[in-house]
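A.B. asks: Chains as they are written, first to last, in the numbering used here: chain W, 1 to 432; chain D, 433 to 683; chain Z, 684 to 1164.
Keep in mind the hints are simulated off the structure, nothing from the lab. Among the hints, a few may not be true.
Said to hold, decoys possible - Label-pair distances were calculated between CB atoms; the ranges are:
| hint | chain 1 | residue 1 | chain 2 | residue 2 | range |
| --- | --- | --- | --- | --- | --- |
| 1 | D | G444 | W | Q377 | 48 to 54 Å |
| 2 | D | P546 | W | Q377 | 53 to 59 Å |
| 3 | Z | L830 | D | P523 | 37 to 43 Å |
| 4 | Z | G1080 | W | K276 | 21 to 27 Å |
| 5 | Z | N1067 | D | P523 | 29 to 35 Å |
| 6 | Z | Y763 | W | N114 | 41 to 47 Å |
| 7 | W | Q377 | Z | R722 | 52 to 58 Å |
Backbone N, C-alpha and C fix where the C-beta goes; we use that ideal spot for every residue, glycine too.
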Amino acid sequence: MTATTSDIDLIEKISGAFKKTADAKDNHRREALATFQKIGLPNSKTEEYRFAPITRALEKNFDFDKTGSSSDINSIEKFLIPNLDASVIVFLNGIYSKTLSKIVSPESELRISNLKLSIENGESTPYFQKYLANSADVFSALNSAFWQDGIFIQVPANTKVEKPLMILHINDAENSQSIGHTRLLVVLQEGSELTLIERSASVGANAIFHSFAEEIIVKEKATLDYIKIQNDEGKLHQVANSIIHQSNESKLSTFTLTMNGSLIRNNFNIAIDGEKCESHFYGLYLLNGNTIADNHTVVDHIKPNSHSNELYKGVMDGNSKGVFNGKIFVRPHAQKTNAFQSNRNILLTDTSTINTKPQLEIWADDVKCSHGCTTGQLDEEALFYLRSRGISHEEAKAMLLYAFAAETLEPIKNHELKSYLDDLISGRLNKF
Amino acid sequence: MLTVKNLRAKIGEKQILNGIDLQVNAGEVHAIMGPNGSGKSTLASVLAGREDYEVTEGNVQFLGKDLLELEPDKRACEGIFLAFQYPVEIPGVSTVNFMKTALNKIREYRGMSPLDAVAFLQLMKEKMKLVEIDQSLLSRSLNEGFSGGEKKRNEIFQMAMLEPKLAILDETDSGLDIDALRIVANGVNKLRSKNNATILVTHYQRLLEYIVPDFVHVLYKGRIVKSGGKELALELEAKGYDWIKNELAIA
Amino acid sequence: MTKDNQVLEDITSKEYEHGWATDLEADESPKGLSEDTVRFISSRKQEPEWLLEWRLKAYRNWLKMTEPKWPNVKYPKINYQDIIYYSAPKKKTGPSSLDEVDPELIKTFEKLGISLTEQKRLSGIAVDAVIDSVSVATTFKEKLGELGIIFCSFSEAVREHPELIKKYLGSVVPMNDNYFAALNSAVFSDGSFCYIPKGVRCPMELSTYFRINAANTGQFERTLIVAEEGSYVSYLEGCTAPMRDENQLHAAVVELYAMKDAEIKYSTVQNWYPGDKNGKGGIYNFVTKRGLCAGDHSKISWTQVETGSAITWKYPSCVLKGDYSMGEFYSVAVTNNYQQADTGTKMTHIGKNTRSRIVSKGISAGKSQNSYRGQVHIMKRATNSRNFSQCDSLLMGDQCGAHTFPYIDVENNTAKVEHEATTSKIGEDQIFYCLQRGIDEEAAVALIVNGYAKEVLNQLPMEFAVEAQKLLALTLEGSVG
């Protein structure tokens, strides 16, 4: 691939910044940097980043020579989910904050340790970077070279974590730009259960860049509910590489809500590496302003007899741009796979766009796979019906949009969480 | 025509037929009755050659040939016809096209020249009347979007077209209303002759009011436990299958 | 007469009675590609200066381009200097009678119902059969000429109708559109030209039968169809090539130009030699096909049945520029053994109220890989545009792959785009049902596959549909059981 001159400049700048980091001598990190340099930053011709102009945004908005942004935040009250009794882990500009975090679950249910320490003492060695390769994505490599902080979460075998765990990423760009690189490693041992909420929130008017590398391992018969809330006021540019690895008879349910920010890119992969697994893979993007949200998802059926169901929906307002790219792989021998994928979109303005690419790649014959994808408007017929019952045009529109969006909340079991998300969605859709 | 001796068959590890003996001669109609799970449909499927079932013992002679040695399509060519309990849908393939292919394959097997379009159409028109089936139905994709009754009528239409020596009707009466039942039964009766034979597999006596059998066999736990004339069916209807079960328990 | 009754008619595959065959020249250029090769071709064809310049410009563009890497196909690097770009079969090099031809090939021809004369031609035997076709073409040419329809070889069109060629050549597929289109623009040997004047409905199907004859040669034909306001034409294209051990390159360009209210229907049955059971030999089919719905209410419809070629790289597309214009793409692509196909379409909606419809049926068997790749692009100005796409894959066996890559890009909020895709296999219960009626397994598979592809086959003219059905069955022979 031929990089443009400015790409090369930026790669040099970033490499220069690497030398100043505390772990610049670490061999793994140096290898990761080399991988980053080798892959290079994406440009408009890079197929996987065709609609996410991240390189341009990085060039324009960030000074990679400067690092470390200060924060005056000392209360997380406004970032919490009302009435939800949960453990909370807080990262402030990519750094774990002990004072703001609060774990309510007993250690017998939930074991949380510093990721760097767990690597040093070998505790996380069997899992760390096992499924998320540096070469998977240029920002995965970037994160591996730069990550500042991270946590290692374990749920012991046959244990149900009664209260949800929320990880709160606060990007504070009040005083200056904020650049963060965070890592997450989660292991659900055999037969365990966890509800994991990951919320990103931004404050301040300066530019924010945050990269995530998240590895989640769901072992035999374990159950994970994973909810990502990306509702960042502010100039957030984010690339998250997340992979969930599933073993036999595990159950997974995910929901990703994307609402604000400048450019949000999610590379979300599920590797179904076990038989009789169940995976529900849901997402909703409600965009306005100039937000670009790009969801790249992969459901990889490696073993036979599993079932996956993916539903991503989007409503685009203003000048926003929605991107969906969903891949389903059914590997040779993954017979009796059932894989379904659906992507539905509504464009509300003539300056909003959607680029969608649902892909199926099948190498096994005894499978049931389908995908469907639509782009359109609200059903005129339904709109008229509501109006004929005395509902105003605006209200009718909001009702229908809400009905369209709310379907994606289906897999969420926690009541407080669901009602919070519900409020978030209906609040936004009434504004449309 | 058909001689079944000590036929035993299983699906997976499950033994279903436990030694069936049956003799069917030309011109006869046999009814095979029995409670759910007794092995009625298995017997029909094994005779037609469905590969899901494994024959573990016994033999079946059909017109002097070892039936179990023949591939399913060769059995059809020899003159065995199975009216399916659940006829499958084949999108994009019309019944007309399907029948033309089948008929000419069977004719080829018997050393006959294929029917030309005109002769085939004529034959089709004639047989359509027999089962009161509409041409428009036959032009549609095979069984796709057909009602239960339409599917069953289509089976009998196909039977009429292929003129089998031995027809096996697997629960053809299930899911039919009284009018459809009458039409199907009329079709079967019109096709009866001294040269062919019919095996009716059914749960209820109802069908036998329309198609009168020469013999009735009761199948239970994979064996024929009672055989008799058409009165046996009435007795079963009156007393229920528990009667047989109890009788066996006593014995 | 109903469709089904038509099927009942025992139609044997007819010869292309309205056909006309590309006339291959009798001498050849030296191996390799350079400006001299381009000049050689142009001078042999006694082309005007402007066309030579056009070719050279394309060649210079090509030099700067790189082969596309994005298709989901793998093949060894093509040595463009090892190809003869201008050639004809050398007399006496082929077998002298059918006895010397591979009996397997003869069997194939017999199954297809291809006549003996045609068999000889396809086997690469030097017989003077081309004359027949030329005379056939001539007969119809007169009749067509009365209506003002021009239907002739590309070379002839350059000589007889230079103003039309100059105007439309490269107007839909620019010379530098892509790597293979640029290559074709530089070295195209011949092809067909068709012009339908205003308001004329072409009374018969026009057809061209392409074949690659000589070894080591590439084939680079060009087709250009111009339909003036309110006209209609249905065009058929058949392709066959003899069996050869080495791979051969076929890089054609087809341009369709439809004015206001005009309709062009373009059907292809592609049966280039796919290589043997072990993947040896076969044609590389890298083709650029595009239609421009230039005028309001114009319509372009592509139908393709792709059974041949070792590698297929082909995306017949529609640029829907005129308001209310309509594009259609119906495709059946079958791959078996080691074949690879990456095919689909591109519907670019520019005008208002434009509509497009995509029906793609892929069938993979053996160790083959079959990909659908298609783009639906609704541009900003294309208000009230509609697209519906249905892309189905059928897998036969667990050694093959089926892939679907739809790209849907919508920039207008009044558009409605729907895409559906499914993957399935032939049900064991369907096979058993057929067996029970006396239909053997091979015939059952053919029947079911043809049923699966029916929506596409229905789009083909009658005699082509029959040939296509036979081809499907033939291609999949031995892929079950």
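A.B. asks: So, for every hint listed, does it hold in this structure?
C.D. replies: Against the structure, the hints come out as follows:
1. D/G444 and W/Q377 have their C-beta atoms about 52 Å apart, which keeps the hinted 48 to 54 Å range intact.
2. Look at D/P546 against W/Q377: about 55 Å separates their beta carbons, and that is inside 53 to 59 Å.
3. Between Z/L830 and D/P523, the C-beta spacing of about 41 Å keeps the proposed range 37 to 43 Å intact.
4. Roughly 25 Å separates the CB atoms of Z/G1080 and W/K276, a value that falls within the hinted 21 to 27 Å.
5. A beta carbon spacing of about 32 Å between Z/N1067 and D/P523 agrees with the range 29 to 35 Å that was offered as a hint.
6. Checking the proposed 41 to 47 Å range against Z/Y763 and W/N114 shows it is violated: the Cβ atoms sit about 58 Å from each other.
7. Range check, W/Q377 to Z/R722: about 57 Å between beta-carbon atoms, so the 52 to 58 Å window is met.
In this structure, only the earlier hint numbered 6 is contradicted, and the remaining ones agree with it.
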